[in-house]
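Student: Could you put together the complete structure from these sequences and hints?
The chain contents come next:
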Amino acid sequence: MEEMRKDITTDEQQEYTINIGPQHPSTHGVMRLVVSLNGETVKNVEPHLGYIHRGIEKISESLTYPQIIHLTDRMDYLSAHINNEAVCLAVEKALEIDVPDRVKVIRTLMAELTRIQSHELFWASYGMDLGGQTCYFYGLRDREMVLDIFEETTGGRMIVSYNCPGGVMHDLHPNFRKRVKEFLKHFRKVLPEYDDILTNNVIFRQRTKGIGQLTLKDAVSYGVTGPSGRASGFSCDVRKHEPYSAYDRVKFNEILFSEGDAYHRYLARMEEMRESMNIIDQLIDNIPEGPYAVKMKPVIKLPEGEYYQRVETPRGELGVFIISDGNKTPYRVHFRTPNFANLSVLNHLVKGFKIADLISIFGSLDFVIPDIDR
Amino acid sequence: MDKIQLGEFIKSLDSDLEIKEGKQFTEVTVMPSKLHSLASQLKEKEETLFDFLDCITGVDYGHDLGVIYHLRSTKYEHMVVLKTRTADRDFPEFDSVSDIWEAADLYEREAFDLLGIRFTDHPDLRRLFLDDSWGFPLRKDYVDNNIITW
Chain A
0 MEEMRKDITT DEQQEYTINI GPQHPSTHGV MRLVVSLNGE TVKNVEPHLG
50 YIHRGIEKIS ESLTYPQIIH LTDRMDYLSA HINNEAVCLA VEKALEIDVP
100 DRVKVIRTLM AELTRIQSHE LFWASYGMDL GGQTCYFYGL RDREMVLDIF
150 EETTGGRMIV SYNCPGGVMH DLHPNFRKRV KEFLKHFRKV LPEYDDILTN
200 NVIFRQRTKG IGQLTLKDAV SYGVTGPSGR ASGFSCDVRK HEPYSAYDRV
250 KFNEILFSEG DAYHRYLARM EEMRESMNII DQLIDNIPEG PYAVKMKPVI
300 KLPEGEYYQR VETPRGELGV FIISDGNKTP YRVHFRTPNF ANLSVLNHLV
350 KGFKIADLIS IFGSLDFVIP DIDR
Chain B
0 MDKIQLGEFI KSLDSDLEIK EGKQFTEVTV MPSKLHSLAS QLKEKEETLF
50 DFLDCITGVD YGHDLGVIYH LRSTKYEHMV VLKTRTADRD FPEFDSVSDI
100 WEAADLYERE AFDLLGIRFT DHPDLRRLFL DDSWGFPLRK DYVDNNIITW
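Here the protein sequences line up with chains A and B, keeping their order.
0 is the number of the first residue of the first sequence in numbering that gives the first Met the number 0; add one for each residue after it.
0 is the number of the first residue of the second sequence in numbering that gives the first Met the number 0; add one for each residue after it.
Among the clues, some could well be false.
Only part of the chain A face toward chain B is listed, based on derived beta-carbon distances under 8 Å [what the hints assert, rightly or not]:
hint : residue
1    : G304
2    : I322
3    : R331
4    : L342
Calculated directly from the structure, the hints in this document are not laboratory data.
Ideal Cβ placement from N, Cα and C applies to all residues, glycine included.
Tutor: The structure is reproduced here in structure tokens:
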């Protein structure tokens, strides 16, 4: 008996390591987490990256600006439209081009639709991570309607490449307004169902409330932006602080919580979907007439200098930093991607929690791996 | 504080600094040896409070290697760009700022991985995306024979 007890204590002190990924449903992509455990308690998490590194920054150095747009789609494929917009805004800022009102409104509408479909997929996959299979079907069913709207206008479903420097590639499809309204009507009806299934579920609440708390100070220091940062009270919505496109003419609330746990990170995204619908409501009947793009020179050359543009993607702040030497290709492009910055906080959050909570915390940060690896 | 006042204030911290009014932000060029003390002052000083590190960009200027820091204050909403560079291509080294901003940990590993820029006192400086056998692809003298050109 004495011997057995001894064994148990040594076992408890023993640290062991398990690998989650690179192919694992809960890592939402190809990323490997090396987890050091003490019993069931997580002591350390070390992300191993690079499984989907494509060197987008390097490739961009040999591409022209309209070509770079097509690579930014592939960084965070759930916010393809907003990534495109970031590069376009940076180029337009450098060339001091003011795009027509119609373009601004179209971009805002598309960006908010993108935000809704991205949060829908977050809801779907987060539910599934925590054992709610139904969520995945519901989430994807409703997301399909947004993708159909994208397909009709842009020709692409996820990888849209709809923005281009100076405007958008082509005009809105005549059905656009009708279908967006249909979607909003449908989505307003089903969003309470989302709450019934997941938000108000006892098991879900117990697995997320008080799990992985992030303080405001840490959120700022670790550079956590987007809904994850705002759940900790970090007011970081670029749409509010540095309005671009048509965000200065719409009314919406910045969703802020102070708790900073997994549950409130989830809640922040749910509330953002409602805010996005409000933004679309305000714009959908007021799309100004006019050209959908300004005529650009066939070869776009940025004046020598450095340009930095921030936009708000569904996952946080995306910064595009272009150093131009006056040629048609950039000298250096750097993408400050939200997921990459948010990843740095993972180890800090999970320490001391159980391994099952790791899945919950990882899911609540809503990572898209290609955006981390680039 | 507007851009010009900010520039003057930073100048008052250290008269050796080179301050330039960029198109968007105040740009401060600093010697590598003074980078860390300037960065911590910018974060701690009540007038500036640059508590948010937006991004760290490693740049190969051809002859020199440099690092660019975008800093933002969440209280005052102003931004500043810190620039530093070194001519030592074989062993470029700067002080790590990961003790000032936690976010710098991964950013600096990225710069090390893609440009071979080392950061002194970084807690865990390893390759991030690529294997140890790779060169540093974002350097301008990097040659990859397998690359497809068009």
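Student: State for each hint whether it applies.
Tutor: Evaluated hints:
1. G304: With a closest approach of 6 Å, the A:G304 hint holds.
2. I322: holds, 7 Å
3. R331: At about 5 Å, which falls below the 8 Å cut-off, the nearest Cβ of chain B leaves the hint on A:R331 intact, so it holds.
4. L342: holds, 7 Å
Comparing the model with each earlier hint shows no violations; every hint is respected.
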